Amino acid sequence: MLLLYLFSFFLNNFIGSNLFLMRLFVNRYYPVFINVYTIWILYLLFFASFRYSPTILFEIKTVPFETISEYSTEVIKWNKLDFFKNIFGNIILFIPYGFLGILYPKLNQFRWMVISFFIIINILEFSQFYFNRGMADIDDVILNTSGVIIGFFIYKKWFFIKGR
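Throughout the sequence shown, residue numbering follows the working numbering, covering 776 to 939 in sequence.
Hints are not guaranteed to be accurate.
Unchecked claim - Below, a list of computed lysine-lysine pairs in the DSSO-like style, where the Cα atoms sit at most 27 Å apart:
#1 Lys-852 with Lys-836
#2 Lys-860 with Lys-881
#3 Lys-860 with Lys-836
#4 Lys-836 with Lys-881
#5 Lys-932 with Lys-881
Calculated from the structure, these hints are not laboratory results. It should be emphasised that the depicted structure is a prediction, and the values quoted were computed from it without experimental measurement.
Model the full structure from these sequences, guided by the hints.
This is how it looks when you write it as structure tokens:
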């Protein structure tokens with residue numbers, strides 16, 4: 776999350792005032808950033824030590840908003856940090872992927888962005904279940920896809936305003 780903040784702060788404050796420099800920076804460094812970021816996300820999802828525990832129940836949750844509801848009614852009573860990490864973390868972690876239209880012009884179209892990431896996130900969720908690294912949860916798919924959509928709209932609004 777710190778990496779995302781530093782990236783956006785640097786882009787906005789140091790390069791955002793000059794459109795040419797901004798586009799040069801984004802075209803040159805965004806590919807490096809997104810690749811390193813993706814490796815970090817995959818590490819967190821599959822290899823980080825907290826992902827495996829003999830007490831974690833590995834299951835598939837298919838009821839939309841069930842986990843979100845549980846977190847908002849039960850978990851927030853006992854541990855507000857877990858609530859924010861689960862709900863907002865799942866959204867925030869996927870915001871940088873909304874900017875992939877920079878690299879792949881087809882992903883500048885909202886429909887292709889949402890369809891592509893809906894499929895990718897489903898593959899990630901079922902891979903977590905298959906490799907016993909967590910549960911496949913439809914709420915994670917909803918939250919992650921929401922993050923990509925938010926990132927897409929930030930990207931579209933940002934480039935529209937900066938391009939004037």
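message: With the threshold set at 27 Å, check whether the alpha-carbon distance from Lys-932 to Lys-881 stays at or below it.
response: holds, 17 Å
field: Restraint check for Lys-860 with Lys-836, where alpha carbons must lie at most 27 Å apart
entry: Roughly 19 Å between the alpha carbons, so the hint for Lys-860 and Lys-836 holds.
message: Does Lys-836 sit within 27 Å of Lys-852, going by the straight-line distance between their CA atoms?
response: holds, 22 Å
- prompt: Quick one, are Lys-836 and Lys-881 close enough, alpha carbons at most 27 Å?
  reply: violated, 32 Å
message: Checking one constraint from the list: CA of Lys-860 to CA of Lys-881, max 27 Å. Satisfied?
response: violated, 32 Å
Hint compliance for this structure: hints 2, 4 are not met, and every other hint is.
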